[in-house]
Amino acid sequence: MQGTPGATPRLPYRAPPTPPRGSPPPLPSSPDRARSIANHLDYPSRGPRRLPSLSPGPNALGLMRGGGVGGKTSVGRRRRLGRKTMQRALLLCIVAGLVVLAFQAGEAGKTDQSDQGRRTGPRGLRALTARWAGEGEDEQGVCRFVSPVEAYHRDLDRLNRIYPHRIRPTTFLDLTNLSSTGSLYNTTFQSHFFSPTGHLVLPPHENGTPTPHPIPMLLALGEKKWENLLARQSRTLEQAVEEYQRRYGRRPPKGFDVWWDFAMRNNLVLPDEYDRINLDLAPFFALPKEEMKRRMDMVREMPETFTIQVEDGRVAVEIIDQGGLAWDGTLPRSRDIVSLLQGFAEHLPNMKATFSIFDQPQIYISWARRESLAKLGLRGEHTSHLQETDSAHVRLSRSCPPESHYRVNESFYEGRSFIYDNLEASDLCQNPYVIPIHGLTIEPHGHDSHPKPHTQLLPLFSLAKTSINSDILVTPLDQFNDKPGKDPKWEDKTNPKLAWRGSSTGISMMTRDVDWRKAHRIRLHHFANDPQDGEVEFMVPDLGQDTAAPATWATEDLLNAQQEAESAKDVADFYYDMKLAGGPLQCADGDGTCSDMWREIKFAPHQSSEELNKHKFLLDIDGNGWSGRFKRLMSTNSMVIKTSLFTEWYQPHLIPWFMYVPAKLDFSDLTDILAFFRGAPKHPDLAFDETAKALAQNGQCFAKRMFRLEDLQAYMMRLFLEYARIAADEGVDMDFYLPVTAVDTPEPYGEVEGTDNDEAKNNTEETLQKISEADLPEWPLDGQWVLEHASGDDDSKVDLFAEGSRDGDQTHWDVREAEERFVEQAWVDSGEAALDDHWGQGSLKRV
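UniProt numbering numbers the first residue of the sequence shown as 1 and each following residue consecutively.
Keep in mind that the hints were calculated from the coordinates and are not lab data. Incorrect hints may appear among the rest.
What the hints assert, rightly or not - With a straight-line cut-off of 20 Å between C-alpha atoms, the simulated EDC-like cross-links for lysine to aspartate or glutamate are:
id	residue 1	residue 2
1	K375	E388
2	K518	D666
3	K452	D328
4	K493	D685
5	K452	E388
6	K352	E301
7	K486	E610
8	K293	D275
9	K704	D478
10	K489	E611
11	K452	D297
12	K352	D297
13	K289	D729
14	K352	E311
15	K352	D336
16	K682	D570
17	K497	D573
18	K452	E304
19	K375	D275
20	K682	E564
21	K352	E291
22	K352	D733
23	K254	D312
24	K293	E318
25	K254	E346
26	K614	D487
This one's a predicted model, so the numbers in the text were calculated from it and none came from an experiment.
Generate coordinates for the entire structure from the input sequences, incorporating the hints supplied.
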């Protein structure tokens with residue numbers, strides 16, 4: 001099943017991988033490596049941050065209010081210091097502080113390159129980075145990412161001393177060649193298969209045949225992905241515009257410069273990674289403006305929705321369907337959205353956007369329709385086919401590609417595997433095994449459902465969606481402000497089990513007509529508390545723990561895996577503390593479903609955050625929709641294991657096996673994961689504990705640096721700028737243009753003449769090509785240009801647009817007549833007048 005041709009990534013919705021920039025500036029927050037000193041530079045910023053004062057306060061010099069030590073004089077009497085004495089003491093403090101600062105500045109200058117290096121901001125500003133202080137934070141309290149790979153090496157060294165019978169691995173798996181292309185699809189390494197479904201598939205186990213343990217491979221892949229992401233991020237507005245156009249084939253939306261300024265001012269770590277917005281809005285570009293307006297009015301009048309209105313920088317809520325207020329979550333969620341938008345509403349045009357009140361998706365258009373609209377939108381064309389059937393009866397398969405596994409073979413399952421790509425692994429079209437085991441896909445979706453589904457493309461903003469839904473995803477604030485509570489350090493956590501407590505949600509209403517026992521939360525409880533009779537086989541690292549003779553396998557330079565078997569009950573008792581809590585919820589009393597749940601499930605009491613935080617490993621799993629507790633879990637000192645079907649707004653920023661550990665929805669990989677990090681019942685000391693701690697620290701850094709309110713606002717601001725372009729009136733230009741700057745070009749190639757437009761274009765191409773072929777390395781040739789030149793005897797002007805592209809040492813030019821509004825807007829934005837800086841009979845300006 002590994003090489004199934006239909007298992008292809010979802011294209012064209014997924015942006016192609018971005019090649020690393022040549023000679024990038026120093027990277028932000030590169031993982032700390034214990035075995036080599038690296039420059040740990042901060043993320044992109046508009047300018048240098050103010051460093052904390054290094055001057056000691058009065059108490060640092062032992063000056064107490066009463067004088068002397070502890071306020072007593074040498075003769076044991078208290079006395080007050082005079083004003084002059086206090087002034088002298090203050091002067092002494094200042095002088096001492098200046099001496100300390102001078103000394104530290106000198107030392108920092110000596111060790112700058114070998115210690116921390118310098119940061120170059122997007123506007124050329126430079127500042128010394130703060131020294132790392134304490135455990136995982138710098139002097140300003142900014143969390144730092146660390147290297148799980150280096151932690152793995154330290155664990156391996158320690159375990160090799162405990163189990164000396166194994167020949168020690170001498171090298172670590174190098175995935176540089178595999179991951180440098182941005183794709184591992186259809187790649188086989190040491191008999192492990194990187195599947196397009198997002199899984200690293202393991203070969204069938206054969207007794208006596210050693211295979212490398214997959215988790216070190218996944219750790220290396222996660223760290224490499226993180227480093228590549230950091231390396232390719234834009235540092236300036238110009239780079240961001242170029243990257244936007246490369247990814248999406250169009251100009252950024254109007255206001256993009258304001259968004260970029262917001263992103264830099266708030267230190268966004270990955271300012272280019274917003275493909276999710278493009279995926280959600282792609283089909284709407286194909287709707288004519290009049291049709292888009294009509295559909296906006298349709299969703300505005302839909303029941304169980306609320307509409308956000310932005311007018312002159314003010315944000316208001318409109319609720320037409322008063323019935324939606326019967327659910328007590330409607331007003332809080334609408335207020336959450338308002339609070340998010342108020343931070344940047346002054347930069348938005350007047351607009352309206354309609355939101356669902358539910359935590360589940362509603363839009364299920366067919367794959368063929370979405371594909372057609374997306375392709376038209378990419379080409380800048382509008383559809384003429386505007387009639388779509390809006391049915392409340394949903395067939396999930398219609399939303400999948402014809403060649404997908406769900407359409408070709410519903411029983412497709414790849415067997416024993418681990419997730420390496422969380423986006424692809426949550427694609428239910430390519431992984432149909434998740435459909436009968438998740439509450440959202442188990443329950444029927446029809447006329448009486450809440451929320452009611454739609455099979456027509458509608459501009460509805462929703463808090464949750466899956467890979468097959470066409471809702472527009474937003475950033476929910478539910479449980480966002482929940483605090484982690486009292487949280488011990490990793491070393492002080494007393495329970496090594498995987499912990500979870502939660503309610504029995506996951507299906508909107510559990511009845512005897514619905515196979516609720518297969519819903520994800522119900523299965524999780526039984527998996528951990530009601531194991532089947534017999535033994536469970538699972539994978540453990542092979543360090544020669546069960547042999548007295550050294551291993552001599554061909555893969556001795558890698559960590560191998562071996563199989564162990566224990567009774568299912570012993571495995572559950574050793575690894576898991578996961579229970580449903582409270583009692584039945586969302587179940588039908590009339591048909592006996594609630595009674596069945598009371599009888600079949602031994603509900604546990606609810607557990608406080610403080611109690612859960614004593615565990616080293618915490619599980620996150622979906623409820624009815626996305627998991628609101630994920631941010632709180634990631635804020636702790638525990639390692640988070642997450643299993644989910646839903647697409648999240650932060651998904652491109654959350655790196656599996658670097659910030660958290662992804663798990664499959666059938667839980668088949670959970671025991672293998674825990675056996676690696678926690679140890680095995682027979683060998684509890686065979687645990688890669690420091691590696692787990694590194695993942696926990698990176699997860700906490702993700703929460704502190706990439707899951708802030710500012711990160712949610714950045715996503716929503718960019719989403720609303722994009723949506724404003726789609727929702728704008730016909731003829732209104734909502735694209736963003738970089739200001740035009742004048743370019744001093746060489747004198748000999750200056751004249752461009754022509755008596756008509758065609759001749760002017762030809763002469764322009766010849767002139768630009770001469771410039772391209774000249775030895776002018778200091779002049780940037782590729783890019784976009786506006787040329788204004790004289791045409792004819794009457795000195796009338798012809799405005800041309802030239803776009804140059806590099807191909808090795810050659811520059812090719814595409815010259816065409818510029819759109820009037822583009823040229824005017826570009827010149828207006830340039831301020832002073834590049835127009836007056838004529839070059840011969842023409843004036844060339846860089847866009």
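Hint by hint, here is what the structure shows:
1. The straight-line distance between the Cα atoms of K375 and E388 is roughly 17 Å, inside the 20 Å bound, and the hint therefore holds.
2. Of the supplied pair hints, the one linking K518 and D666 holds, its CA atoms being roughly 10 Å apart against a limit of 20 Å.
3. Of the pairs offered as hints, the one joining K452 and D328 holds, with about 18 Å between alpha carbons and a cut-off of 20 Å not exceeded.
4. Proposed proximity of K493 and D685 is supported: the alpha carbons are some 16 Å apart, at most 20 Å.
5. Proposed proximity of K452 and E388 is supported: the alpha carbons are some 17 Å apart, at most 20 Å.
6. Taken as a hint, the K352 and E301 pair is honoured in the structure, with Cα atoms around 12 Å apart against an allowance of 20 Å.
7. Proximity of K486 to E610 is assessed by CA-CA distance (about 5 Å); at most 20 Å being required, the pair is judged to hold.
8. For the hint pairing K293 with D275, the CA-to-CA distance comes to about 25 Å; that exceeds 20 Å, so the pair is violated.
9. A C-alpha spacing of about 17 Å is found between K704 and D478, which places the hinted pair at or below 20 Å, so the restraint holds.
10. For the proposed pair K489 and E611, the alpha carbon gap of about 14 Å is at most 20 Å, so the pair holds.
11. A distance of roughly 18 Å separates the Cα atoms of K452 and D297; the hinted pair therefore holds under the 20 Å criterion.
12. Pair hint K352 plus D297 holds up; C-alpha atoms about 10 Å apart against a cutoff of 20 Å.
13. As the CA atoms of K289 and D729 are separated by approximately 7 Å, the hinted pair is consistent with the 20 Å bound.
14. For the hint linking K352 to E311, the alpha-carbon distance of about 9 Å falls within 20 Å, and the restraint holds.
15. This hinted pair checks out: K352 and D336 have alpha carbons roughly 16 Å apart, not beyond 20 Å.
16. Note on K682 and D570: the hinted pairing holds, with a Cα-Cα distance of about 11 Å set against a maximum of 20 Å.
17. Proposed proximity of K497 and D573 is supported: the alpha carbons are some 9 Å apart, at most 20 Å.
18. Of the pairs offered as hints, the one joining K452 and E304 holds, with about 9 Å between alpha carbons and a cut-off of 20 Å not exceeded.
19. Using a Cα cut-off of 20 Å, the hinted pair K375 and D275 holds, with the two alpha carbons roughly 16 Å apart.
20. At roughly 9 Å between alpha-carbon atoms, K682 and E564 fall within 20 Å of each other, so this suggested pair holds.
21. At roughly 15 Å between alpha-carbon atoms, K352 and E291 fall within 20 Å of each other, so this suggested pair holds.
22. As the CA atoms of K352 and D733 are separated by approximately 18 Å, the hinted pair is consistent with the 20 Å bound.
23. Proposed proximity of K254 and D312 is supported: the alpha carbons are some 16 Å apart, at most 20 Å.
24. At roughly 17 Å between alpha-carbon atoms, K293 and E318 fall within 20 Å of each other, so this suggested pair holds.
25. Between K254 and E346 the CA atoms are separated by roughly 14 Å; this keeps the pair inside 20 Å, and the hint holds.
26. A C-alpha spacing of about 7 Å is found between K614 and D487, which places the hinted pair at or below 20 Å, so the restraint holds.
Going through the hint list in order, the structure does not satisfy hint 8, though it satisfies all others.
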